[in-house]
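A.B. asks: Chains as they are written, first to last, in the working numbering: chain A, 1 to 606; chain B, 1 to 252.
In short, the hints are calculated from the structure, not lab data.
Be a bit skeptical, because a hint or two may be false.
Stated by the list, open to error - Cut-off 27 Å, straight-line C-alpha distance, at most; resulting in silico cross-link-like pairs (DSS-like, lysine-lysine):
#, chain 1, residue 1, chain 2, residue 2
1, A, Lys326, B, Lys206
2, A, Lys505, B, Lys226
3, B, Lys82, B, Lys140
4, B, Lys164, A, Lys505
5, B, Lys71, B, Lys122
6, A, Lys505, B, Lys224
7, B, Lys224, A, Lys466
Quantities reported herein were computed from a predicted structural model and do not represent experimental measurements.
If you want the building blocks of each chain, they are given just below.
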Amino acid sequence: MSTASIGHGHGHAHSHASGNDSWANVKKFLSSYVFSLDHKVIGIQFLFSTLLWFFVGGILALGIRWQLAWPWADMPVIGRMLFSAEGGQISPEFYTMLVSMHASVMIFFVIIPILAGAFGNFLIPLMIGADDMAFPTLNMLSYWFMWPAFISMTLSFFAHGGGPSSGWTVYPPLSSVPSAAPGSHNAQTLWLIGLTFVGVSSMMGSVNYLTTIIMMRAPGMTMFRLPLTIWGMFITAVLQAFALPVLTAAGFMQVMDRVMGTGFFIPEGLTVNGIDAGAGGGQPLLWQHLFWFYSHPAVYIMLLPAMGMVSDILACFARKPIFGYKPMVYSISGIAGLGFIVWGHHMFMSGMNPALGMTFMVSTMMIALPSAIKTFNWLGTIWGGKIQYTTPMLFSLGFLSMFIIAGLSGIFMAATPVDRFIHDTYFIVAHFHYVLFGSTALAVFGAIHFWFPKMFGRMMNEPLGKLHFFLTIIFFNGTFFTMHILGTGGFPRRLADPYHYETFKHLQTMNQFMTISAVLMVAVQVIFVFNFIYSMFWGPRCGRNPWHANGLEWSAPSPPGHGNFDVQPIVYRGPYEYGSPETDQDYYPQTQPPPAGALAVAKDHH
Amino acid sequence: MGRFWSLFFLLVPILGVATFVAAPMYHYWLPEDVSISGQGDVVDGLFYFILYLTGAVFIGTEVVLFWFMWKYDAATTKEPVKYSHGNHTLEIVWTIIPAGTLLFIAIYQMNAWADQTMRIPKNPGLEIEVVARQFEWRIKYPGPDGKLGTQDDIHMVNDLHIPKDKEVLMHLKSMDVLHSFFLPNLRVKQDAVPGMSIPVWYTAIKSGSYDLVCAELCGWGHYKMKGRLTVESDEDFARWLEGVRKNQEAEQ
């Protein structure tokens, strides 16, 4: 069922032909590094862009942390530059903007595009044995459509009245009525336009990934021989293809409400701040349903590829086949299926019919199950292996350890009566930071260390990588584990100054501890940045397969040239045949032909 | 290095449990529950039930992770790699057991949820209306005629008084954007949505003054949308309400 695509054409090749004049050189530079159609270049473009935004998002987070530790205190050095009008303090308007933009940047510009955009692009053709994506031009466009989003969201920071400040969830009427918030004029519209472009970009990507994975696998690469990374990407693409149109439509409806005077989300006769809100006849809850219909699956878009990459890294450095490959595939699919019917758990307190809440509670409880199965299978994978403690392995084990916390804390809020207390408190903030940073970001760090040799042909520095891992884990937990305790104390999210409430006054010292941890956590990322840049130029060169891994990407040169493979890969087995008795070495690449007579042995095992 | 990293990972369950043991000792914990039996204590009971259950799973899985990291370190282990692709029986076991447990939690809490949100009290001790707006709580008590929504309603801002031991049925509305009515000491939270009237009910059994928090982002002044809940005896409540009513009449 798999098809080879040896003769696949490239628009790219044409640009190499022209003469020596400088214009031709410029054109060549532009077409190979800027408007490249090569999936690897596009992947690396995504990687650099998202890492830059990661930095921006981190700085925004520090602003939040500063205010929560020392509310209304003058911010040292930076405060004077940013808020000279307020005498170096964060204003409440600015604080709500920080909260909204930290989340928006991290979710839409970092986590989603770094997984699907950067690793999806770089890895899919390499891991399935294709020479490029099915639609290279569409692929290039998917990257360049991020730029209007980048520009539009950046502009929204500087829009009149301050940036968008209705949270990343942009709940109307706060977001849709201009008189409701200072930044709710142009900033909010720009934000929505930015979101739409992110959606278009993701959509182009997902169509491409689906087609490529279905149509362009190398000979012998059946669906059940795909690495779990690819399964994660595949299911993610399905989720995006089916959930994104809903968000895009909802986004347009909100833009209409804001600009054209419609009333999809604005109820009858609403006045905000003494100003008539317009048309009316709509329902604010409708937005929440539409928004979460995408944004809950989006949680899995932000997680499934990471789960896949971790599976590949764990198996490689445990030198052992993945435990329960098919249960892993089924649980990824199960998460995706259930992911479409749990969105209501973000709305238990929203005023939605409580009977509906009860059904969402049951489906939400059940979605914990595939995650539990995956966790047990990961533990099964390292059981009985020979674990090599490399940096990517440490990050993957870190993922596993932190994901256990993330999964378990989710059960608290799935329980509706408990959620009634912890909803909108720091317990939720703790939970999703364990998912998004503790799990996904750690997996991303692991994946960068793991595939860096393939991207740049050089190794990253191991001791520096381990130091980075060690310090990141410590300060991450210092920042976020304590948030569970804050949440148990009822400490609410998004309050610029919670300490004027008697109930929360005593929690300030704990917040100061967390802020110090957070500052240190951001500071130690310098180690990573240094390691990354240094290794790109001066790291030791590596061969095709520095980790002795099995995947097809390791049979290509490092870095792979245009068209990826110098020899058409033919796949003989699954990607996790480490420690196979069929061969003397402890790994067994997918492309290595079996020794004569081994076929009978292989049959016994499957 | 495998030894070092395994022990490092062992710190996760040790420090994790230590944090949860130490926090209540330093009063970093659930706020005091002043609600009637069957309200806040049910929430706390469920919270503790899930805490112990997830705590056990947390310790179990993290210790197993540590143990595997310790035992199967490539530098020290002498065992050959177990060339295994999985185990069907194990898969079934670790699917059925968590599935059963999760289903049990789901069914076990249904009654509590129904009590909180679906079984609207027929004869509440007091019926009031709370309307949220940027950035205050407007509270409405029935006047001498005992009915809400009539001319003689008594109005109050941010200062919510309720009689002790009486069930209060509240109709929660919003004038402008979303807000959320949060009484930490009664374990009550409900979003206020413009265009909707949502019933919320609760009973407090301990006199005192408590926080009323807005828990849904409602604009730049969200942080200062602070109310106060005063729980007092029937007589004190009646006296206070009468005082408010007289003031209101005097102003008109």
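A.B. asks: All hints, please: hold or fail.
C.D. replies: Status of each hint after checking the structure:
{"no.": "1", "hint": "Lys326(A) x Lys206(B)", "verdict": "violated (56 Å)"}
{"no.": "2", "hint": "Lys505(A) x Lys226(B)", "verdict": "holds (14 Å)"}
{"no.": "3", "hint": "Lys82(B) x Lys140(B)", "verdict": "violated (71 Å)"}
{"no.": "4", "hint": "Lys164(B) x Lys505(A)", "verdict": "holds (26 Å)"}
{"no.": "5", "hint": "Lys71(B) x Lys122(B)", "verdict": "violated (63 Å)"}
{"no.": "6", "hint": "Lys505(A) x Lys224(B)", "verdict": "holds (14 Å)"}
{"no.": "7", "hint": "Lys224(B) x Lys466(A)", "verdict": "violated (44 Å)"}
When the structure is compared with the earlier hints, violations turn up for hints 1, 3, 5 and 7 and for no others.
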